[in-house]
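Undergrad: The primary structure of each chain is shown beneath.
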Amino acid sequence: MASGALTRERDVREAYAAHAAELYGFAVRSLADPGLAEEAVQETFLRAWRAGERFDPQIGSLRTWLFAILRNVVIDLGRARAARPTVAEGGVEPSVEPFDEALLAWQIEEAMRRIGDDHRRVLIETYYRGRPYAEVAAELGVPEGTVKSRVYYGLRALRVVLEEMGYED
Amino acid sequence: MKTDGCRHWKESLGAYALGHLSAEERAALEAHLEGCPACRDEAAALASVAGLLPHADPARFGPAPLPPPELGKRIAATIDAERRSQRRQRRFRIGLGFGGAAATAAAAAVLAIFVLSGGDGGSPEQHVSFRSLPPGVRIAAALEPQAYGTEIHMYVKGISSGTLCRVYMRGADGRDVSAGTFRYRWGGDAAAVLSAALDLSRAKALVVHAGNQTFVAPIGAGEAALRNQPQEEEPT
Chain V
1 MASGALTRER DVREAYAAHA AELYGFAVRS LADPGLAEEA VQETFLRAWR AGERFDPQIG
61 SLRTWLFAIL RNVVIDLGRA RAARPTVAEG GVEPSVEPFD EALLAWQIEE AMRRIGDDHR
121 RVLIETYYRG RPYAEVAAEL GVPEGTVKSR VYYGLRALRV VLEEMGYED
Chain G
1 MKTDGCRHWK ESLGAYALGH LSAEERAALE AHLEGCPACR DEAAALASVA GLLPHADPAR
61 FGPAPLPPPE LGKRIAATID AERRSQRRQR RFRIGLGFGG AAATAAAAAV LAIFVLSGGD
121 GGSPEQHVSF RSLPPGVRIA AALEPQAYGT EIHMYVKGIS SGTLCRVYMR GADGRDVSAG
181 TFRYRWGGDA AAVLSAALDL SRAKALVVHA GNQTFVAPIG AGEAALRNQP QEEEPT
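Note that the protein sequences, when read in sequence, are chains V and G. Take 1 as the starting number for the first sequence in this note's numbering and just add one per residue. Take 1 as the starting number for the second sequence in this note's numbering and just add one per residue.
Keep in mind the hints are simulated off the structure, nothing from the lab. A hint or two may mislead.
As the list claims (entries may be wrong) - No more than 25 Å apart at the CA atoms, straight line, and that leaves these computed lysine to aspartate or glutamate pairs for DMTMM-like:
1) 204/G x 80/G
2) 73/G x 38/V
3) 73/G x 9/V
4) 73/G x 53/V
5) 157/G x 144/G
6) 73/G x 118/V
7) 204/G x 173/G
8) 73/G x 11/V
9) 73/G x 39/V
10) 73/G x 100/V
11) 204/G x 176/G
12) 157/G x 80/G
13) 73/G x 76/V
14) 73/G x 34/G
15) 73/G x 43/V
16) 157/G x 173/G
17) 73/G x 168/V
What the hints assert, rightly or not - Here are some, though not all, of the chain V residues that point toward chain G, as calculated from beta-carbon distances under 7 Å:
18) 25
19) 49
20) 99
21) 103
22) 109
23) 124
24) 131
25) 152
26) 155
As the structure is a prediction and not an experimental result, all values here were calculated from the model. Beta carbons: idealized from backbone N, C-alpha and C, even for Gly.
Use the sequences and the hints to build the structure in full.
TA: Structural data, given as structure tokens:
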């Protein structure tokens, strides 16, 4: 029969267990509507199941494939939303660009969640809040050199996680 | 010696990638990078990660919302329902293929019926094939018992586009129960779904009036009347 990985209902259940949280988290961020996000995730797994025979793990990861489907679903939902007159006046744009930007942002945010607390903390303080290393070191009660090395290991960890998530630069 | 020296430099590479080194520190590190390909590679890798940071929103580094627990079950139920309906359609198509071949092979035969057992343990669904049809015309139907009567999936091909088709189920008492009407359209490949308030077990025949022509195919018990007809083999 088919060599695709999503042709049996059990495959879908496994795919759901592995990736639904991520897809849903991103859908909520992207659509800013938990109800719509649920709809998007449901539609994503339905389409994945219908096209299950076309999924080839040799070409790309299941995660990447599911996100590609979600991308189309979100765009379709955006179009449907824009087609409703009341919402269209609100200016919902069914454009691809915000999706890709949101996906990139979400991937980095997800990677940040997955690295260690200490690493995330110094990146937030030194990079996003722009605070001096000495000040952050004093606040954390560690030498300044430790803050510096945590920044280094934090960025390295971030890169590893992003690669695991399928990010390519 | 080299590894020891690099450890010191490497731990500055993060701050370097983020532009956090003082001018002197930066100059010293860049002098080292000139002569150390390994550190240069690492600096480039970190620079690409650092370049991504502006895209993220630090207010969103907290736990992401989780899907509601029932979502997985809902998806499984939807897929299950779709799988069942696909299986029905697949059986229906098998029936059509068979009916089409039979119509060409035995033009003189009046009527034929076959009942497919289906793949899931004796489905009560029945497939009905109309024969002695004009060349190029195909009519078939799948019947499924429902609480309200019978669901009828009609499939018609090869008659004039726009032809009004009226469908009836003929009961054991010989009375016709209307299953409704549909119009055949060129290019429309989908089966019309109709229903009749007659229990499938009590139905004797399916009657289709297409334009001014009438076609009748026996259902279930009607098979007995065809005992003398050559029997078709079941498709595999």
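Undergrad: Between the alpha carbons of residue 157/G and residue 144/G, is the straight-line distance 25 Å or under?
TA: holds, 21 Å
Undergrad: Regarding the pair residue 73/G and residue 34/G, is the alpha-carbon distance no greater than 25 Å?
TA: violated, 58 Å
Undergrad: Regarding the pair residue 73/G and residue 39/V, is the alpha-carbon distance no greater than 25 Å?
TA: Roughly 13 Å separates the two Cα atoms, so the pair holds.
Undergrad: Can you confirm whether the C-alpha distance between residue 73/G and residue 100/V stays at or below 25 Å?
TA: With Cα atoms ~29 Å apart, residue 73/G and residue 100/V exceed 25 Å; violated.
Undergrad: Keeping to a limit of 25 Å between CA atoms, is the pair of residue 73/G and residue 11/V held or broken?
TA: Given that 25 Å is the threshold and the Cα spacing comes to 14 Å, the pair holds.
Undergrad: Below or equal to 25 Å on CA atoms is what counts here, so check residue 73/G against residue 38/V.
TA: holds, 12 Å
Undergrad: Could you grab the alpha-carbon distance between residue 157/G and residue 173/G and see if it respects the 25 Å cut-off?
TA: violated, 30 Å
Undergrad: Please verify that hint: residue 49/V, Cβ, nearest Cβ of chain G, below 7 Å or not.
TA: holds, 5 Å
Undergrad: Holds or violated: are the alpha carbons of residue 73/G and residue 43/V at most 25 Å from each other?
TA: Answer holds: residue 73/G to residue 43/V is near 14 Å, not above 25 Å.
Undergrad: Take the shortest C-beta to C-beta distance between residue 103/V and chain G; is it under 7 Å?
TA: Residue 103/V check fails; min Cβ-Cβ to chain G is 10 Å, beyond 7 Å.
Undergrad: Need the status of pair residue 204/G, residue 173/G: alpha-carbon distance at most 25 Å?
TA: holds, 9 Å
Undergrad: With a cut-off of 7 Å, does the beta carbon of residue 155/V approach a beta carbon of chain G closely enough for the hint to hold?
TA: holds, 5 Å
Hints 1, 6, 10, 12, 14, 16, 17, 20, 21, 24 from the earlier list are contradicted by this structure; the remaining hints agree with it.
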